[in-house]
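Chains as they are written, first to last, in the UniProt record's numbering: chain A, 1 to 203; chain E, 1 to 203.
Misleading hints may appear alongside valid ones.
Unchecked claim - Dumping the calculated SDA-like pairs for lysine to any residue here, alpha-carbon to alpha-carbon at most 25 angstroms: (1) E/Lys70 to E/Arg82; (2) E/Lys62 to A/Arg165; (3) E/Lys202 to A/Asn99; (4) E/Lys101 to A/Glu83; (5) E/Lys70 to A/Asn99.
For the record, the hints were derived by calculation from the structure and aren't laboratory data.
Number of protein chains: 2
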Amino acid sequence: MAINYPNGKKFVPSKEQPAKQQTAKKNKKDFSFSNRGKTLEDELNETNDYYLQLGLAVIHKKPVPLQIVKVEYPSRSAAVIREAYFQSPSTTDYNGVWNGKYIDFEAKETESKTSFPLKNIHDHQIHHMSQVVKQNGVAFMIIRFSSWQRYFIMPYGELEVFWNRMLTGGRKSVTLQEIEETSFELTPGAFPRINYLPLLNKL
Amino acid sequence: MAINYPNGKKFVPSKEQPAKQQTAKKNKKDFSFSNRGKTLEDELNETNDYYLQLGLAVIHKKPVPLQIVKVEYPSRSAAVIREAYFQSPSTTDYNGVWNGKYIDFEAKETESKTSFPLKNIHDHQIHHMSQVVKQNGVAFMIIRFSSWQRYFIMPYGELEVFWNRMLTGGRKSVTLQEIEETSFELTPGAFPRINYLPLLNKL
Numbered sequence: 001m002a003i004n005y006p007n008g009k010k011f012v013p014s015k016e017q018p019a020k021q022q023t024a025k026k027n028k029k030d031f032s033f034s035n036r037g038k039t040l041e042d043e044l045n046e047t048n049d050y051y052l053q054l055g056l057a058v059i060h061k062k063p064v065p066l067q068i069v070k071v072e073y074p075s076r077s078a079a080v081i082r083e084a085y086f087q088s089p090s091t092t093d094y095n096g097v098w099n100g101k102y103i104d105f106e107a108k109e110t111e112s113k114t115s116f117p118l119k120n121i122h123d124h125q126i127h128h129m130s131q132v133v134k135q136n137g138v139a140f141m142i143i144r145f146s147s148w149q150r151y152f153i154m155p156y157g158e159l160e161v162f163w164n165r166m167l168t169g170g171r172k173s174v175t176l177q178e179i180e181e182t183s184f185e186l187t188p189g190a191f192p193r194i195n196y197l198p199l200l201n202k203l
Numbered sequence: 001m002a003i004n005y006p007n008g009k010k011f012v013p014s015k016e017q018p019a020k021q022q023t024a025k026k027n028k029k030d031f032s033f034s035n036r037g038k039t040l041e042d043e044l045n046e047t048n049d050y051y052l053q054l055g056l057a058v059i060h061k062k063p064v065p066l067q068i069v070k071v072e073y074p075s076r077s078a079a080v081i082r083e084a085y086f087q088s089p090s091t092t093d094y095n096g097v098w099n100g101k102y103i104d105f106e107a108k109e110t111e112s113k114t115s116f117p118l119k120n121i122h123d124h125q126i127h128h129m130s131q132v133v134k135q136n137g138v139a140f141m142i143i144r145f146s147s148w149q150r151y152f153i154m155p156y157g158e159l160e161v162f163w164n165r166m167l168t169g170g171r172k173s174v175t176l177q178e179i180e181e182t183s184f185e186l187t188p189g190a191f192p193r194i195n196y197l198p199l200l201n202k203l
């Protein structure tokens with residue numbers, strides 16, 4: 001008997017379902033009640049939304065920069081972009097204001113259990129954060145070790161040390177132990193999930 | 001005799017060339033040596049670049065937010081976005097840090113010679129600026145009267161008054177005279193064209 005989806009589309013059993021399998025694998029690891037396979041970006045957006053609603057801070061994720069090549073204007077409807085390319089961002093992903101302070105950070109997660117690979121960060125993002133610090137802004141990185149559900153706030157000053165170590169021929173990653181020693185660990189909560197503002201007082 | 005362009009394309013004299021005529025019209029009005037029909041956005045990007053290079057401030061324009069619907073991955077080349085739509089921004093266009101202060105502004109130009117139409121601004125941009133001010137950030141609007149090549153910095157507090165006047169049934173624009181009375185006029189220079197940082201001390 002043929003099985004169809006409710007929308008009439010034919011059900012085709014597939015032997016390989018990498019996307020689904022990955023989700024299942026992730027859920028297996030997830031012992032926390034509030035985390036349901038959310039990305040770090042999801043968690044941060046929810047946290048920033050919470051801050052915004054409560055008037056605690058105004059911090060937004062920047063849109064992804066795109067180079068738009070072709071736009072069509074179908075009659076009576078909105079413009080449709082038909083050709084565009086992702087551009088590499090010249091700044092970090094998140095910025096905003098908290099208590100008169102300028103806040104600027106990048107957020108990265110890793111599946112590694114032992115270290116954070118620095119290839120996740122772009123050269124110009126480091127440069128941007130150094131410029132922010134020179135203007136007395138607060139710049140840092142939020143790192144999630146997804147396997148452990150552990151979160152760290154690494155001040156830019158520390159990140160810069162590891163970055164320069166790499167540039168001068170040293171290791172291309174920061175070990176979890178080094179992060180434990182140089183960064184502030186953030187205990188994830190129910191809501192907001194990643195309450196990073198209180199930790200910024202320590203920076 | 002048929003006249004061809006150097007690239008061999010046929011020259012077709014056109015009676016209506018609205019785009020070109022507009023440019024010509026703009027140039028006619030342009031008595032300043034440094035402005036060559038640049039948009040306000042161009043001028044601000046150059047100014048912000050200047051500030052960045054000299055280490056005076058770190059202020060960037062945010063990318064336009066897009067809703068990406070369809071992405072193709074042609075083999076061996078970069079991902080191509082094949083369907084995307086413009087989204088209305090939830091914040092202002094520009095933000096950054098200057099001397100430890102959070103800076104946030106929207107920039108708008110008008111062809112009108114007598115008033116600035118408030119329909120150029122979105123409701124949520126006003127809301128965003130009010131939130132910024134509550135967090136002790138510096139929020140304002142840069143207005144260019146393109147016909148006069150006159151530039152003004154209107155603090156958010158003044159903008160809010162005109163906005164609320166509109167919401168309560170008043171006029172939907174701000175007259176040039178009102179702007180002269182409530183905003184700080186910025187004299188355009190050669191380089192940077194719109195040196196707005198010194199005026200922020202007055203806000």
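query = Honestly, which of those hints from before does the structure not fit?
reply = Checked against the structure, the hints that fail are numbers 2, 4 and 5, while the rest are satisfied.
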